[in-house]
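**Student:** Read off the chains here:
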Amino acid sequence: MNHIKLIDCPIDVTYAINLISDPSCGASSIFIGTTRDSFQGKKVVSLAYEAYENMALKEMDKICSDLRATWPDLKHILIYHRLGTVPENEASVVIAASAPHRSAALKAVTFAIDQLKSRVPIWKKEIYEGNHDAEWKENSE
Amino acid sequence: MNHIKLIDCPIDVTYAINLISDPSCGASSIFIGTTRDSFQGKKVVSLAYEAYENMALKEMDKICSDLRATWPDLKHILIYHRLGTVPENEASVVIAASAPHRSAALKAVTFAIDQLKSRVPIWKKEIYEGNHDAEWKENSE
Amino acid sequence: MVFVNMNTSRPVSVDIHVLFFAKCRELSQTTRSVFTVPSEIRASDLLDKIVIQFGLTTIRHNLIIAHNESFVENLNDSIFLKDGDELAVIPPLSGG
Amino acid sequence: MVFVNMNTSRPVSVDIHVLFFAKCRELSQTTRSVFTVPSEIRASDLLDKIVIQFGLTTIRHNLIIAHNESFVENLNDSIFLKDGDELAVIPPLSGG
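Taken in order, these protein sequences are the chains called A, B, C and D.
For the first sequence, my numbering gives the first residue as 1, with consecutive numbering after it.
For the second sequence, my numbering gives the first residue as 142, with consecutive numbering after it.
For the third sequence, my numbering gives the first residue as 283, with consecutive numbering after it.
For the fourth sequence, my numbering gives the first residue as 379, with consecutive numbering after it.
Calculated from the structure, these hints are not laboratory results.
Wrong hints could be hidden among the right ones.
[To be verified] Chain C regions said to be covered by chain A (calculated; three or more residues, Cβ under 8 Å):
#, segment
1, 309-318
2, 345-355
3, 366-374
[Claimed, not checked] Calculated lysine to aspartate or glutamate pairs in the EDC-like style (CA-CA distance at most 20 Å, straight line):
#, chain 1, residue 1, chain 2, residue 2
4, B, Lys199, D, Glu447
5, A, Lys75, B, Asp178
6, B, Lys199, D, Glu451
7, B, Lys266, B, Asp149
8, B, Lys216, A, Glu90
9, B, Lys146, D, Glu447
10, A, Lys75, B, Glu231
11, B, Lys184, A, Asp22
12, A, Lys43, B, Asp149
13, A, Lys75, B, Glu229
14, A, Lys107, B, Asp178
15, B, Lys258, D, Asp455
16, B, Lys203, D, Glu447
17, A, Lys58, C, Asp330
18, A, Lys62, C, Glu355
19, A, Lys58, C, Glu322
20, B, Lys203, D, Glu451
21, A, Lys117, C, Glu355
22, B, Lys278, B, Asp255
23, A, Lys58, C, Asp327
24, A, Lys5, C, Glu351
Note that the coordinates shown come from a computational prediction; the quantities given were computed from them, not determined experimentally.
C-beta atoms are modelled at their ideal positions from N, C-alpha and C, and glycine is treated no differently.
Please model the complete structure; the sequences and the hints are all you need to start from.
**Tutor:** Structural data, given as structure tokens:
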């Protein structure tokens with residue numbers, strides 16, 4: 001099953017892990033992206049995320065389809081992205097996948113986070129301490 | 142910090158994830174290996190793990206050193222392996238790593254589980270339903 | 283294929299919804315605007331019109347567009363618009 | 379380098395602890411045994427001695443050994459043993 005959500009409140013990672021676990025699966029892989037406390041020496045107070053929501057959900061769904069085409073053994077896939085203000089050190093994104101064997105689960109999660117960063121219409125603005133201007137970030141990695 | 146343990150009771154995945162989280166890190170990657178419910182059509186009732194404990198801990202520590210040599214940005218590494226009887230659908234191994242950026246965290250966890258399977262002296266015996274003989278497994282992947 | 287008004291031979295105009303996000307939303311000072319455009323137009327020309335109309339010239343070369351929730355992969359392609367279509371101006375992504 | 383008993387010119391014998399795990403433990407019916415062996419011996423010869431002594435012939439070719447908690451990478455190497463050294467017989471791993 002695919003679990004896709006844009007979420008306005010803290011992401012419950014334990015719940016997410018339980019959602020993708022399955023008796024037929026020997027492997028679960030989970031990636032958690034967390035807001036960091038600094039950028040180029042400026043202290044990040046918080047982040048604000050916004051999305052083109054309908055399209056973001058469509059693109060997240062396409063990522064799931066791509067994953068299943070590449071790794072047909074995948075059982076459950078979860079992509080949760082948080083929107084709105086995210087305090088320092090809270091999860092902004094959780095991606096998880098389960099599969100009978102580890103290779104599919106691990107590769108799928110790595111591929112999914114790369115894809116999410118490059119094609120899901122979500123934007124992040126960092127708000128800094130002091131009088132540094134807030135900044136819209138750009139994914140470059 | 143490195144968190145290495147051989148554990149006789151259920152592994153608390155949420156606790157493990159909290160242990161490796163860090164304000165300086167934007168990425169956490171977690172792998173959970175779980176006992177599966179069947180093997181070649183035989184229903185697995187439970188698994189029993191045993192280890193050459195002192196050497197296993199040494200090898201797990203060496204894996205951490207290798208990870209840090211390859212990905213110096215890694216912040217925390219966690220390798221927990223369960224011993225004794227593990228009921229169906231419970232975690233037998235949890236590997237987790239945090240880093241400022243996702244690439245190190247994701248690659249380190251993939252490398253660590255491969256290494257664990259090939260060089261940490263731990264053995265698994267599967268106990269099946271019915272009168273199938275229990276079997277000592279061999280990692281092949 | 284070109285849609286024309288049979289009486290005037292001019293391309294038909296359509297009203298589309300233009301959506302702005304993130305830095306585009308801040309620069310344009312709007313989240314959503316109805317905009318009248320030709321029903322057939324090269325994507326880059328459409329983007330130029332929007333950029334000029336909504337004050338996005340400073341970030342023009344970092345923008346792409348999505349038409350009805352799908353990325354326009356190549357700005358040199360022509361796109362065919364209908365009344366009520368949704369066109370989003372997409373600045374560099376930073377999800378994750 | 380060979381350690382010899384200067385009086386007899388025979389290699390010195392030492393008492394080592396041999397540890398058995400998993401299938402080896404079941405076949406040998408012991409977890410740990412003191413075994414007297416030459417202080418210098420090719421790893422494969424040592425393994426053969428243990429295999430014969432402890433009834434592991436059926437799985438001989440799947441075994442490796444660890445000397446004082448480190449794998450012996452090459453069974454053709456000579457190993458040098460001291461009294462009280464720990465030698466583990468390692469069947470195929472299945473952790474994870």
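**Student:** Next, verify each hint and record whether it holds.
**Tutor:** Structure-based check of each hint:
{"no.": "1", "hint": "309-318", "result": "violated (count 0)"}
{"no.": "2", "hint": "345-355", "result": "holds (count 4)"}
{"no.": "3", "hint": "366-374", "result": "holds (count 4)"}
{"no.": "4", "hint": "Lys199/B <-> Glu447/D", "result": "holds, 8 Å"}
{"no.": "5", "hint": "Lys75/A <-> Asp178/B", "result": "holds, 14 Å"}
{"no.": "6", "hint": "Lys199/B <-> Glu451/D", "result": "holds, 16 Å"}
{"no.": "7", "hint": "Lys266/B <-> Asp149/B", "result": "holds, 16 Å"}
{"no.": "8", "hint": "Lys216/B <-> Glu90/A", "result": "holds, 17 Å"}
{"no.": "9", "hint": "Lys146/B <-> Glu447/D", "result": "holds, 17 Å"}
{"no.": "10", "hint": "Lys75/A <-> Glu231/B", "result": "holds, 17 Å"}
{"no.": "11", "hint": "Lys184/B <-> Asp22/A", "result": "holds, 15 Å"}
{"no.": "12", "hint": "Lys43/A <-> Asp149/B", "result": "violated, 42 Å"}
{"no.": "13", "hint": "Lys75/A <-> Glu229/B", "result": "holds, 17 Å"}
{"no.": "14", "hint": "Lys107/A <-> Asp178/B", "result": "violated, 23 Å"}
{"no.": "15", "hint": "Lys258/B <-> Asp455/D", "result": "violated, 25 Å"}
{"no.": "16", "hint": "Lys203/B <-> Glu447/D", "result": "holds, 12 Å"}
{"no.": "17", "hint": "Lys58/A <-> Asp330/C", "result": "violated, 26 Å"}
{"no.": "18", "hint": "Lys62/A <-> Glu355/C", "result": "holds, 16 Å"}
{"no.": "19", "hint": "Lys58/A <-> Glu322/C", "result": "violated, 25 Å"}
{"no.": "20", "hint": "Lys203/B <-> Glu451/D", "result": "holds, 16 Å"}
{"no.": "21", "hint": "Lys117/A <-> Glu355/C", "result": "holds, 17 Å"}
{"no.": "22", "hint": "Lys278/B <-> Asp255/B", "result": "holds, 16 Å"}
{"no.": "23", "hint": "Lys58/A <-> Asp327/C", "result": "violated, 26 Å"}
{"no.": "24", "hint": "Lys5/A <-> Glu351/C", "result": "holds, 17 Å"}
When the structure is compared with the earlier hints, violations turn up for hints 1, 12, 14, 15, 17, 19 and 23 and for no others.
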